[in-house]
Amino acid sequence: MHILSMTKTLFKNIIHGPYTVLYPIKKKPNYARTRGSINNDINTCIFCGICERRCPTGAIKVEKADRKWSIERMQCVQCGYCVEVCPKKCLNMNNQYTAPSSKKTRDEYVDARVSDNAKNN
Amino acid sequence: MEQTIKKISSNDLLNETNLMKNSGYRLVAISCTNKDGIELTYSFDKDFDFINLRINMDYDAEIESINYMFPYAFLYENEIKELFGVKIVNMTLDFKDNLYRISVKTPFNMKKESE
Amino acid sequence: MGERTVIPFGPQHPVLPEPIHLDLVLEDEVVIEAIPQIGYVHRGLEKLVEKKDFKQYTYVAERICGICSFMHGMGYCMSVESIMDVEIPERAKFLRTIWAELSRMHSHILWLGLTADAFGFDSLFMHSWRLREMILDIFEQTTGGRVIFSVCDIGGVRKDIDQETLNMIVDVMNNIEKELKGLSDVFLNDSTVKSRTVGVGVLSKQQAFDLGAIGPMTRASGNAIDMRTEGYAAYDKLKFEPIIATQGDSYARIVVRIKEIFQSIDLIKQCISIIPEGDIIVKIKGNPNGEYFTRLEQPRGEVIYYVKANGTSFLDRVRVRTPTFANIPALLETLKGCALADVPILILTIDPCISCTER
Numbered sequence: 294m295h296i297l298s299m300t301k302t303l304f305k306n307i308i309h310g311p312y313t314v315l316y317p318i319k320k321k322p323n324y325a326r327t328r329g330s331i332n333n334d335i336n337t338c339i340f341c342g343i344c345e346r347r348c349p350t351g352a353i354k355v356e357k358a359d360r361k362w363s364i365e366r367m368q369c370v371q372c373g374y375c376v377e378v379c380p381k382k383c384l385n386m387n388n389q390y391t392a393p394s395s396k397k398t399r400d401e402y403v404d405a406r407v408s409d410n411a412k413n414n
Numbered sequence: 238m239e240q241t242i243k244k245i246s247s248n249d250l251l252n253e254t255n256l257m258k259n260s261g262y263r264l265v266a267i268s269c270t271n272k273d274g275i276e277l278t279y280s281f282d283k284d285f286d287f288i289n290l291r292i293n294m295d296y297d298a299e300i301e302s303i304n305y306m307f308p309y310a311f312l313y314e315n316e317i318k319e320l321f322g323v324k325i326v327n328m329t330l331d332f333k334d335n336l337y338r339i340s341v342k343t344p345f346n347m348k349k350e351s352e
Numbered sequence: 184m185g186e187r188t189v190i191p192f193g194p195q196h197p198v199l200p201e202p203i204h205l206d207l208v209l210e211d212e213v214v215i216e217a218i219p220q221i222g223y224v225h226r227g228l229e230k231l232v233e234k235k236d237f238k239q240y241t242y243v244a245e246r247i248c249g250i251c252s253f254m255h256g257m258g259y260c261m262s263v264e265s266i267m268d269v270e271i272p273e274r275a276k277f278l279r280t281i282w283a284e285l286s287r288m289h290s291h292i293l294w295l296g297l298t299a300d301a302f303g304f305d306s307l308f309m310h311s312w313r314l315r316e317m318i319l320d321i322f323e324q325t326t327g328g329r330v331i332f333s334v335c336d337i338g339g340v341r342k343d344i345d346q347e348t349l350n351m352i353v354d355v356m357n358n359i360e361k362e363l364k365g366l367s368d369v370f371l372n373d374s375t376v377k378s379r380t381v382g383v384g385v386l387s388k389q390q391a392f393d394l395g396a397i398g399p400m401t402r403a404s405g406n407a408i409d410m411r412t413e414g415y416a417a418y419d420k421l422k423f424e425p426i427i428a429t430q431g432d433s434y435a436r437i438v439v440r441i442k443e444i445f446q447s448i449d450l451i452k453q454c455i456s457i458i459p460e461g462d463i464i465v466k467i468k469g470n471p472n473g474e475y476f477t478r479l480e481q482p483r484g485e486v487i488y489y490v491k492a493n494g495t496s497f498l499d500r501v502r503v504r505t506p507t508f509a510n511i512p513a514l515l516e517t518l519k520g521c522a523l524a525d526v527p528i529l530i531l532t533i534d535p536c537i538s539c540t541e542r
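Listed in order, the protein sequences are those of chains A, B and C. Residues 294 to 414 in my numbering are what the first sequence spells out, letter by letter. Residues 238 to 352 in my numbering are what the second sequence spells out, letter by letter. Residues 184 to 542 in my numbering are what the third sequence spells out, letter by letter.
Worth flagging that the hints you see were computed from the coordinates, not collected in a lab. Some clues are possibly wrong.
[Claimed, not checked] With a cut-off of at most 25 Å between alpha-carbon atoms, the simulated DMTMM-like pairs for lysine to aspartate or glutamate come out as follows:
| # | chain 1 | residue 1 | chain 2 | residue 2 |
| --- | --- | --- | --- | --- |
| 1 | C | Lys388 | B | Asp284 |
| 2 | A | Lys305 | C | Glu360 |
| 3 | B | Lys258 | C | Asp393 |
| 4 | C | Lys230 | B | Asp284 |
| 5 | C | Lys234 | A | Glu377 |
All chains should be built: construct the whole structure from the sequences, respecting the hints.
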């Protein structure tokens, strides 16, 4: 009758304590390669629209006339395809996750710079 | 990887399947494509020798079931009948469109009707 | 003659990981037959080929299932690469093999935990899943995601693993091997586990072949059918034999899966010792034209990918035939003649992955 086969594991357990992390009081730090969310460096973006065409879920919208780039956070699956095809390399993958929320959010980046004053005067 | 595709007509299906079964092949899958008519592919395998039998036919033609030779083919045939609407006759175990509980009849055929 | 009752083994059940419906016809607590009904998680993924082009479809193919997700992406990419006649670099083949074997390990350890939960042995369930966390941490460090990796691409893989991380993986493997020996001692020798699984759901060797069973289900009955010996990816350079057992009951299936985890640890160490240097991806141009069948060995059995392309960037047809779909007739046969209390254990021995079955 082999019934006490787990005693060694049980002893180790009593001495070690819990293996889980007390989230959300203590958070586990993310690794460097973790795919969290997409960020855009709006100053270098040329609004070509390649990322909008390649996104598998259709989360990115680019408006060239208004110089706006927006992403629907809950639709993005963090696959990284847009980061690969961007010709100016202004998109990058951050390792912090989007915080959970109860409604869909659209994050918008606008390039509101005006060209230099000599032309406007 | 060796794979061969052999074209046969729908009348030869039972003879060819009988040959495969007697040589010790096992039925691997039955696939269906819906483009310019229905294209059925029966795949058999034995020791990594992979043979596919291909049948091209119209949407309304009937085809025999191979259920009595390979009893586990009932799942594949019921799925094809339900999703594509192919007419398969003499099935020993017929679910009568109740296997998948979908609300639309033959959804994979809808693109053919809308074209 | 006893009275017959029909009991629905519903889509919601504490022991099922995913929903499937069975109508059990009982006669005084012995099951006479079972009638399946599936379709609760049908998402119509095969119809999405009309909307997404063939490069975007890699991401859809990965998300067919959460447990075997890497191998779905790999199978799709291998099919398209064979249609376009592209030869991927050696290092990419080895990296794919390492991730595939890690997937197999984490899927089998998950299954061991679920089986322990099915007969009420909850502390064994928790310890198995604690072991699985070590493997998920490796995935997050190397690919960026714990469950869906998005690392396989047409032409190779996207991310590389440097030598330091490879040495770390070997250390984690040694650690897991030590802890797994303790756990497998409980699974294989404990008398409570044995009394519920020995002699339950027996399939003879000829029956398993005639019913079309594949994967560990048929290897536990004595048929040595393993797609890895065919030699795709880097498997032709590794030394291994398919693992078989002969009794054909549920206990034999536990034995086969535990031995496969140890075999995977050994295969990963072999891969890491002979991995070559080089590129990891090859650029592809143009659109695919043609058709191809690819066969892989997933943790649950043999999976078939059929891809048909016509020269435009949208594919004609993608068909996935998953191993659980082929094991369902074997399940219905083993259920005949068993007691009602054994039904959850028998359903779990085929390792059901219903979201793969219904796509």
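Status of the hints after comparison with the structure:
With a C-alpha separation of about 16 Å, the suggested pairing of Lys388 (chain C) with Asp284 (chain B) holds against the 25 Å cut-off. Taking the CA atoms of Lys305 (chain A) and Glu360 (chain C), the gap is near 17 Å; set against the 25 Å cutoff, the hint holds. Only pairs whose Cα atoms come within 25 Å are accepted, and Lys258 (chain B) paired with Asp393 (chain C) is accepted, the gap being roughly 10 Å. Simply put, Lys230 (chain C) and Asp284 (chain B) have alpha-carbon atoms about 32 Å apart, too far for the 25 Å limit, and the pair is violated.
Taking the CA atoms of Lys234 (chain C) and Glu377 (chain A), the gap is near 21 Å; set against the 25 Å cutoff, the hint holds.
The structure is inconsistent with hint 4 alone, although it conforms to all the rest.
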